[in-house]
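Undergrad: Chain by chain, the residues:
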Amino acid sequence: DAGITQSPRHKVTETGTPVTLRCHQTENHRYMYWYRQDPGHGLRLIHYSYGVKDTDKGEVSDGYSVSRSKTEDFLLTLESATSSQTSVYFCAISLGFSGGLFDEQFFGPGTRLTVL
Amino acid sequence: GENVEQHPSTLSVQEGDSAVIKCTYSDSASNYFPWYKQELGKRPQLIIDIRSNVGEKKDQRIAVTLNKTAKHFSLHITETQPEDSAVYFCAARNTPGGKLIFGQGTELSVKP
Chain A
3 DAGITQSPRH
13 KVTETGTPVT
23 LRCHQTENHR
33 YMYWYRQDPG
43 HGLRLIHYSY
53 GVKDTDKGEV
63 SDGYSVSRSK
73 TEDFLLTLES
83 ATSSQTSVYF
93 CAISLGFSGG
103 LFDEQFFGPG
113 TRLTVL
Chain B
2 GENVEQHPST
12 LSVQEGDSAV
22 IKCTYSDSAS
32 NYFPWYKQEL
42 GKRPQLIIDI
52 RSNVGEKKDQ
62 RIAVTLNKTA
72 KHFSLHITET
82 QPEDSAVYFC
92 AARNTPGGKL
102 IFGQGTELSV
112 KP
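Sequence lines, in order, name chains A and B. The opening residue of the first sequence carries number 3 in the working numbering; numbering runs sequentially from there. The opening residue of the second sequence carries number 2 in the working numbering; numbering runs sequentially from there.
Watch out, some of these pointers could steer you wrong.
Said to hold, decoys possible - Not everything, but these chain B residues come out facing chain A in the computed CB check (under 7 Å):
(1) Y33
(2) K59
(3) R62
(4) F90
The hints are simulated quantities; they were obtained by calculation from the structure and are not laboratory data. The beta carbon of each residue, even a glycine, is placed where N, CA and C say it ideally should be.
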């Protein structure tokens, strides 16, 4: 599984509450990504990181923030969850160590988030 | 920015038939095109990829073709089996380490 885990795997929360999802990897890969998956939309990039404290926005970043204070952890935070953020969230890593163009992107097991 | 369109959204075939899924991309600088398979409740998994300097790549029953001039690439699955039933995603990337832009997905159903 390329040493990538996500926690929690399932979460139900209420509108307006903060939520933090964690992605953890054990192999010191430089590049990490957060996607959300919704029916009819495929996988859409929320934020990504190319190193400790280096992050950038993806195509659907509104309402989300990220932090990467250690190589192994990439956190996704919903500051004030809304029902439109109900989704399955996948973390991913690039398996190369230098961010090559052809590096495989490997996905974590996913987190199912429901916002009531 | 890069945009990837994928068709069809659903595809149903009889076991043993071939299946073809097509994607078009907008950024001519894209150089890497992976395909992912996602079974129900599982993570997407890479099944095959192709680089821009290659026109075709095969791996047993699956193959991918790339037409850079037309900016489209396709996944071909021959002799389909029920275990090929899944959602398939195409993607494109144009920068090292950069983001993959995914198509919307194709739900393939292989009927015994």
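Undergrad: Is the interface hint satisfied for B:F90? The criterion is a beta-carbon contact with chain A at less than 7 Å.
TA: holds (6 Å)
Undergrad: Hint B:K59 vs chain A: min CB-CB distance below 7 Å?
TA: Cβ of B:K59 sits 18 Å from chain A, so the hint is violated.
Undergrad: Given a cut of 7 Å on the nearest C-beta pair, is the interface hint for B:R62 held or broken against chain A?
TA: violated (20 Å)
Undergrad: How about B:Y33: closest beta carbon in chain A under 7 Å, or not?
TA: holds (5 Å)
Violated hints, in rising order: 2 and 3; the structure is consistent with all others.
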